[in-house]
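*Asks:* This is what each chain is made of:
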Amino acid sequence: MADGGIGAATKRREDVRFLTGRGQYTDDYTPAGTTYAVFARSQVAHGTIKSIDTSAAEAMPGVLAVLTGEDFVEVGGNPAGWLINNRNGTPMKEPKRPVLAHGKVRHVGDAFAAVIAETAEQAMDAAEAIDADIEEHDAVIDMKAAVADAGTRVHDELTDNVCFDWGWIEDNRQATDEAIKAAPHVTTLELVNNRLVPNALEPRCSIGEYNPGTGDYKLTTTSQNPHLTRLLISAFVLGIPENKLTVHAPDVGGGFGSKIYHYGEEALVLAAAKKLGRPVKWTASRSEAFLTDAHGRDHVTKIELATETDGTFIAFRTETYANVGAYLSNFSTATPTFLHGTLMAGNYTVPNVYVNVKAVFTNTAPVDAYRGAGRPEATYSLERVIDKCARELGMDPIAIRRKNFVKPDQYPFTSAAGLEYDSGNYDALVDGLEGLADIKGFEARRAESESRGMLRGLGINTYIEACGIAPSNLVGVLGSRVGLYDAATVRVNATGNISVMVGAHSHGQGHETAFPQVVADLLGVDPESVEIVHGDTSKIPFGMGTYGSRSLAVCGSAVYRATEKIIKKATLIAAHMMESDAEQVDFEDGVFSVRGTNKTVGFGDVALKAYIPHDFPLEEIEPGLEETAFYDPANFTYPSGAYACEVEVDPDTGKVTICSMVAVDDFGTVVNPMIVTGQVQGGLAQGIGQALLENAVYDENGQLNSGSLMDYAMPRADDLPNLVVDHSHMTRCTHNPLGVKGCGEAGAIGSPPTVVNAVIDALSRAGHDVAHIDMPVSPARVWEAMNK
Amino acid sequence: MHNFDFVRPSTLAEATAAMQAEGAQALGGGQTLMPVMKQRLAAPDTLVSLAGIAEMIGVCEKDGALVIGGATTHAQVASDAASMYPALAALAGMIGDPAVRSRGTVGGSLANNDPAACYPAGALGSGATITTNTREISSDNFSTGMFDTALEEGEIITSVAFPIPEKASYQKFEQPASRFALVGVYVAKFADGVRVAVTGASEGGVFRWSAAEAALSGNFSAEAIEGLSPEASGMITDLHGSGAYRAHLIGILTKRAVAAAH
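Residue numbers (my numbering), protein chains in the order written: chain A, 1 to 788; chain B, 789 to 1050.
Hints listed in this document are in silico derivations from the structure and should not be mistaken for laboratory results. In this text, a Cβ means the ideal position worked out from N, Cα and C, and glycines have one as well. Be aware that one or more of the hints could be misleading.
What the hints assert, rightly or not - Sample of chain A residues at the chain B side, in silico, Cβ under 8 Å: (1) GLY21; (2) VAL697; (3) TYR712.
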């Protein structure tokens, strides 16, 4: 293995530019002649557009164009990526999502017009001068009310507000119902998975360019997956041929899911650039980000767990209302279904699982995948109801989980929710957790807290998730309209250094450091000689983007496969150079050798020879050394983990302080442990944020009450304890070449139930009869629960 | 942000003159006004910065009171007043974050009179006197409601005199997002009685909790107000807590302030 290969905690090379202010973000790019777009957005949640008078705005200084929904009637809509079928087999409802609102506005912030001007200030002034007559209607906000009352509809052309009513696995419904009816013990829990605003540090930004000389378009944009954005714009929205459109996502300051999707602003700047013959830039304000970035979570759930009296699980039955907002964002239909329902067996051998999800249109911002995407919702429901069940049965929360774990000798294990888990060892994770979190020492720490008047609690949680998204053949059956492979090209240059063009976009994940470790490990070269190229559709073969903790498992596997092809080709060249047969040539630590001889040739010499083929047998060996691989996974990967959290609750105020958080995860092979630790810590911070602080709240009129950082509480460093992370208890993924599972979302999946379990534990130990508190577990909610 | 003119006078007289212009708006540290202007919710024609007026900056002790220039930053109060009036210096040191404290001023905070700001509690709890370019106003008559004060158009807070009590403490329970006070209680014990001022809680803005003042004036101990909390009616109910919760916190924080007073 080369120094700095797989397993090395190499410092992130991209941090040199990020930490010295040399990152190049979309808004840093201002081509000559740039004009500026500003959107006129609805102030009301629901209304009919009676008329839009743009004449005053058009007459204002610097204004070049004013566009409305009328200008986009002829172009397509932004589609949902997954077609979900109802329980009765009929397809979901899929209303058109136009570039600009037309006919109706459907949420506060819904853009109905755009001004393009010489400066952003002139565009803002003109946007304020647009005279829109919008007749306001009652807003559809509460999901259950929206389902019950079809009279007020978000989309007039639909018969009601239900996007789909989905059952998983529908054939298991009756058996699950019967198992629950016959069970000796049933625990029921109703809960809300709180709506979240992603709040990437960098707001969205898009720049459209058009070259009338060639007919080429370029979109520079804040995207987690530029190829998907190109595909959606080309195939569905504007019809620009893919080979006439370049999408470039340069450095991106955080996405967490919100920048996976194609947004109307991207199509608008491209259309406007063509109309004006000049570049058009739009940069969101923080307020626009709150109102228009796809939000996360927002499930209202009832879950039942049926058990034997000894705690053996018999069945999980879940009914969830999932908010999709006013329009279907690209992954919005997959998130509450195949990223949620399929995980509802958890780490357990439970024989019966049934999930019903009703996706509901409301007059709120679209809701879509946000760090964890469906899996946090699944884990939260499961692990909260298991904790409640353990309390009802008088069982230890670790013991009840261990009793029901899939055991190491059961893999591959097909869960009752239909997934085939390939590997894992949940007991080993809990063993590690018990030591690292010093579970035995809890009572002494609790007594010490009590001496200071504080209520201490211990929360335990285990999770499994599905990453490496996703096997195309499987997701195709499940309704995906795309394949979910990824691609990489490895280009060995004549002088021996290497460029790797990868489909996965890096916006905080450290690909520029970790991917070279994989290539260097295989080729026996210095990782510093390997450079990653990503984010530009004109430079890389293809890619399905970065989300679902998929980059290393899917794109990294493509890198691995392409590098294997390089070795195969280089072996041919080396054999030629050493006048041997390829079958006789070995490759190790960067050196080719002929078996049983002392003939050797280094990788660098072979690379040079590939580009100076003076004596090549050209019928057998092509010049050059560049290979591309597309990798489509055989299965999801299944990271798992065991978490513990200790909290102190102030009985006077209800304030929760997290004393410790320990995360023990199985991510399979770890390529760069430092980056993995950082990913988990970031995920933990977001999960703790959801558990204690964050809450996107609309009022009954559809105004976003928590529409700024003055009311929407993000976790800050002093809200967090030292985050203890361990990923040493690993089992390899069995079906990808690296044995990796993915780590990007784990912390955000595993931590919310851990925190809430700890709070409930603290209150229960103090004699409070509190079965559940919805997130965020704010001081006021805790106090109210204690004093109800 | 809309266009505006910007003037930065170096004397109070120049500032007073500049404030006579149509559409003139005084600018303290800009911690509220700047975000509001960026959101285009305010569009003054002229901003009159008070940051360059030397006579309005500084902290000193005079006649048993801590006198703070109206344009003095929270950071300066936190450091320079620590030995003279530690409870008020501690209040200043708890406002926002270092960036806010380096820009925000006592005059700006009092003039804005945010119902969740800290200084209104410090001023009312201390029985401060607010001096403007035209008159003196007692803190008891200064706040007239949320974001509303006795200040007239164009009036500038030049200094604030905080009588220094025997002991005092400010207890702030933070709203988790803004880190303004969800509830803040300022307790000050003077030779002739106790003042208790509450911020963050009431729909009417900062107020004195007279029942607690009466109880504590006879017996300055947490036990004196055990079980006491104000009526929940009239308290703010929002995303972060109900009126009942805020009323409860007032009782808790007052007890803590009494215990912590020094």
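*Asks:* Now tell me if each hint is right for this structure.
*Replies:* Verification of the supplied hints:
{"no.": "1", "hint": "GLY21", "verdict": "18 Å, violated"}
{"no.": "2", "hint": "VAL697", "verdict": "6 Å, holds"}
{"no.": "3", "hint": "TYR712", "verdict": "6 Å, holds"}
Of the numbered hints listed earlier, the single one contradicted by the structure is hint 1.
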